[in-house]
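Chemist: Protein sequences, first through last, are from chains U, C and W.
So in this note's numbering the end of the first sequence lands on 116, straight run, no missing numbers.
So in this note's numbering the end of the second sequence lands on 116, straight run, no missing numbers.
So in this note's numbering the end of the third sequence lands on 116, straight run, no missing numbers.
Calculated from the structure, these hints are not laboratory results.
On a predicted model such as this, the values are computed, not experimentally measured, just so you know.
Positions of the beta carbon are idealized from the N, C-alpha and C atoms, including for glycine.
Treat the hints with caution; some may be incorrect.
Part of the chain W face toward chain C, derived, beta carbon under 10 Å [unchecked claim]: (1) Met1; (2) Thr3; (3) Val7; (4) Glu9; (5) Ile16; (6) Thr75; (7) His78; (8) Asn81; (9) Leu84; (10) Arg91; (11) Val95; (12) Arg114.
Residues from chain U that keep clear of chain C, each with C-beta distances beyond 12 Å, as calculated [to be verified]: (13) Leu10; (14) Ala17; (15) Val44; (16) Pro49; (17) Ala52; (18) Ala61; (19) Thr63; (20) Phe86; (21) Asp90; (22) Thr93; (23) Trp101; (24) Asp110; (25) Gln116.
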Amino acid sequence: MNTHAAVRELVDRQAIADLIHAYCRHFDQNEPEQVAALFTDDAVVDYGPEAATIVGSASVAATIAVGLEQTFAATSHHVSNIQLDFDGPDRATGVTYLYAWHRYRDGSPDGGRRGQ
Amino acid sequence: MNTHAAVRELVDRQAIADLIHAYCRHFDQNEPEQVAALFTDDAVVDYGPEAATIVGSASVAATIAVGLEQTFAATSHHVSNIQLDFDGPDRATGVTYLYAWHRYRDGSPDGGRRGQ
Amino acid sequence: MNTHAAVRELVDRQAIADLIHAYCRHFDQNEPEQVAALFTDDAVVDYGPEAATIVGSASVAATIAVGLEQTFAATSHHVSNIQLDFDGPDRATGVTYLYAWHRYRDGSPDGGRRGQ
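Looking at chain U on its own, in the form it has when it is part of the complex (with noise of 0.2 Å):
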């Protein structure tokens, strides 16, 4: 074992984890920007078929500023089964789990999604 990269991988995995439960905090928080400024210029947000790509840290900004004001009155984002693969020591690519808990403006019941 090469315990310098080894310690580099790991310490990399954490900060990944840090990134996509502070996406999770933020969101939750009612913070659109804080949730945009984890994302990149050329970051592209696929939501699934229900909704439109979005491409750049401003656009995730503006739709889920839209999302949290017209949509959810609160949500919760529970992250599991982080599974992170490197492609060498600067790229890797990665599935997670997430519970989301959604409250909506319109008294619809409560939602659960489940999704990877």
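Put chains C and W on the given structure of chain U with help from the hints.
Modeler: Just chains C and W now, with coordinates in the frame of chain U:
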């Protein structure tokens, strides 16, 4: 990167996660004395506006024992999103997410609570 | 602190977490062969009092394939509270929490199970 300092922080992070998980597991196994043993004598526990603030491990044990005897028939505390900030090598603050499932002794429907 | 030993344990913890998450992901992606490949030939799998004990990766594959074909239309296995105890450098025991969401082929309401 200072490898030794990085490893120390990673080991400390693991120890804090282990402590949080031990709280959950002893609670869910109905072991109030073991829950209390995780707290220092000057620990302050605040379960929110519905409950009085608890100070010290002896009070923690008594309070949890009452809850387990009178209120909860079974519980399951699922922790995620552990977020820790280190202020120097010997002090950290943090927030975690919790999904708590409760079965009640009085026959109320099972409850699920989400919180930070 | 022995830095090398500490790093080795952290790397081992990560590998065990990755293994647990691979089980969940292959199961939830309906890939029974890949689930089974995670188990050794002498692995013993006990899903609790309602199911027969399974021994060996080939039996795991067969059992899970039947479950995915006949019982489950979709599943999502969310792991948390991974608690590991190391008995020397080459052996560990552990407990994790699981929230499993199930959609059934027979049209029963979606189910959520919590366990350790």
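Chemist: Determine for every hint whether it applies to the structure shown.
Modeler: Going through the hints against the structure:
Taking 10 Å as the C-beta contact cut-off toward chain C, the hint placing W:Met1 at the interface holds, the least distance being around 6 Å. Taking 10 Å as the C-beta cut-off, the interface hint given for W:Thr3 holds, the closest approach to chain C being about 5 Å. Interface restraint check for W:Val7: the shortest CB-CB distance to chain C comes to about 6 Å, inside 10 Å, so the restraint holds. Hint status for W:Glu9: holds, given a least beta-carbon distance of 8 Å to chain C, under 10 Å.
Because the smallest distance between the Cβ of W:Ile16 and any Cβ of chain C comes to about 12 Å, over 10 Å, the interface hint for this residue is violated. The interface hint given for W:Thr75 is broken, as the beta carbon of that residue sits about 17 Å from the closest beta carbon of chain C, more than 10 Å. For W:His78, the suggested interface contact is upheld, since its CB lies about 8 Å from the closest CB of chain C, less than 10 Å. The beta carbon of W:Asn81 comes within 5 Å of a beta carbon in chain C, closer than 10 Å, and the hint placing it at the interface holds.
Nearest Cβ of chain C to the Cβ of W:Leu84: about 9 Å, under the 10 Å cut. The hint holds. Of the supplied interface hints, the one on W:Arg91 is violated, with its beta-carbon coming no nearer than about 18 Å to a beta-carbon of chain C, more than 10 Å. Hint status for W:Val95: holds, given a least beta-carbon distance of 7 Å to chain C, under 10 Å. For W:Arg114, the interface hint holds, since its Cβ comes within 10 Å of a Cβ in chain C; the closest pair sits about 4 Å apart.
Look at U:Leu10: its CB is around 6 Å from the nearest CB on chain C, not clear of 12 Å, so calling it non-interface is violated. Non-interface status of U:Ala17 relative to chain C is broken: a Cβ of that chain comes within 12 Å, the nearest being about 8 Å off. Listed as a non-interface residue, U:Val44 keeps its Cβ farther than 12 Å from every Cβ of chain C; the least gap is roughly 24 Å. Chain C leaves U:Pro49 outside its interface by the beta-carbon criterion, the shortest separation being 26 Å against a cut-off of 12 Å.
The beta carbon of U:Ala52 sits about 27 Å from the closest Cβ of chain C, which is more than 12 Å, so the claim that it is off the interface holds. Consistency note on U:Ala61: stated as away from chain C, and its beta-carbon is indeed over 12 Å from all of that chain's, at 21 Å minimum. With a cut of 12 Å on Cβ distances, U:Thr63 stays outside the contact zone with chain C, its closest approach being about 22 Å. The claim that U:Phe86 lies off the interface holds: its Cβ sits roughly 16 Å from the closest Cβ of chain C, which is beyond the 12 Å cut-off.
The claim that U:Asp90 is not at the interface with chain C holds, since no C-beta of that chain comes within 12 Å of its own (minimum 14 Å). No beta-carbon of chain C comes within 12 Å of the beta-carbon of U:Thr93; the shortest separation is about 21 Å. With 12 Å as the threshold on Cβ separation, the claim that U:Trp101 sits away from chain C is violated: the shortest Cβ distance comes to roughly 5 Å. With a least CB separation of 10 Å from chain C, U:Asp110 falls inside the 12 Å interface cut-off, contrary to its annotation.
No beta-carbon of chain C is positioned within 12 Å of the beta-carbon of U:Gln116; the least distance is around 15 Å.
Violated hints for the displayed structure, listed by number in ascending order: 5, 6, 10, 13, 14, 23, 24.
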